[in-house]
Amino acid sequence: MEGNIGELGQYIGVGLTAIGMGGAAIGVGNVAGNFLAGALRNPSAAAGQTATLFIGMAFAEALGIFSFLVALLLMFAV
Amino acid sequence: MATEAGGLEFHPMDQFIVKPLFGGGDVSFYTVTNVTLWLFLIIVATAALLVLGTRGRAMVPNRSQSVAELAYGLVHKMVEDIAGKDGLKYFPYIMTLFMFIVFANLLGLLPKAFTVTSHIAVTGVLAFSVFFTVTAIGFIKNGAHFLDLFWVRSAPLAIRPVLAVIEVISYFVRPVSHSIRLAGNMIAGHAVIKVFAGFAAIAAVAPISIVAVVGMYAFELLVAFIQAYVFTILTCVYLKDALHPSH
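Heads up: the protein sequence lines correspond to chains A and B, in order.
Following the numbering used here, the numbering of the first sequence begins with 13 at its first residue and continues without gaps.
Following the numbering used here, the numbering of the second sequence begins with 77 at its first residue and continues without gaps.
Okay, chain A solo, but in the shape it has when bound (with noise of 0.2 Å):
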């Protein structure tokens, strides 16, 4: 466990990933918050626009998605 730089720094990185995850909540509460905000103001067209909402959801939470893929490369691909 001692004097490993290496592993150190690797974990280190790994928690460092999880800022990503805060990136993805911004972005997937951006998506649905104004969806809500549209739909309250216009209720009658917001039913037909729930696929547009889950594929807005889809690709922001797709670059948090990248920060795991980037942790699990660190513990287990490194």
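No false leads were mixed into what you were given.
Derived DEER-like restraints, expressed as beta-carbon distance ranges:
| # | chain 1 | residue 1 | chain 2 | residue 2 | range |
| --- | --- | --- | --- | --- | --- |
| 1 | B | Thr209 | A | Gly50 | 28 to 36 Å |
| 2 | B | Leu223 | A | Val90 | 33 to 41 Å |
| 3 | B | Ala134 | A | Asn46 | 41 to 49 Å |
| 4 | A | Glu19 | B | Ala220 | 45 to 53 Å |
| 5 | A | Gly50 | B | Glu243 | 24 to 32 Å |
| 6 | B | Gly149 | A | Asn46 | 25 to 33 Å |
| 7 | B | Phe105 | A | Ala44 | 40 to 48 Å |
| 8 | A | Val90 | B | Asp162 | 40 to 48 Å |
| 9 | B | Val244 | A | Ala37 | 22 to 30 Å |
| 10 | B | Lys161 | A | Leu48 | 30 to 38 Å |
| 11 | A | Ile31 | B | Ala134 | 48 to 56 Å |
| 12 | B | Arg236 | A | Gly27 | 37 to 45 Å |
| 13 | B | Val127 | A | Gly25 | 46 to 54 Å |
| 14 | A | Gly25 | B | Ala134 | 56 to 64 Å |
Keep in mind the hints are simulated off the structure, nothing from the lab.
Source: prediction; values computed, not measured.
We put the beta carbon where it would ideally sit given N, CA and C, even for glycine.
Once you've looked at the hints, dock chain B against the given chain A.
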């Protein structure tokens, strides 16, 4: 995996280990493992719902027939709305994907079950088969015009090469994000449930832990369905891009 479980009775990631179903030993490509068992159960469940459920062909459907019709209607409407009328030719493939993923996610939530979709090997095969199928459809249907997808004609000429590079990168990242989204959501959700369950052994926090497990489980039921829905809807979006590549 870490050898020390950090005070927990079990490691939260232990549930994702692929092990042989009968006896010990190594896992080779022909070994019957827990993955094989749950893949089989998914197919049985899908067949039970769609084949046995609709066998009566009743005018007033019973419960299982209603669920089967609901799933069929949901996917059919999704393909028609997003990919268009000419996308309906590929409806059977998309319906198969949806039923497989939704049952894999839901059966994986049973206690002691193995979540097949938590492995990137499984979701990667699904995502890359979608990617190759859709690219092949795009080139067969549109020929060289399929490359219009990367050459954005509505943008000014000066920034089109830059956009082309971005579009090409985002096109090839699709199968990666497509597969890891599903696997990542499944791994994360199941690991969180197990982490909370591990705290139930400590008497002081046991009530909070049990409430948290129940809450997370309900949330995971929602996520299981939504991730199947998202995977299917993105397949439809990719199919639409292949059928109508001009922006």
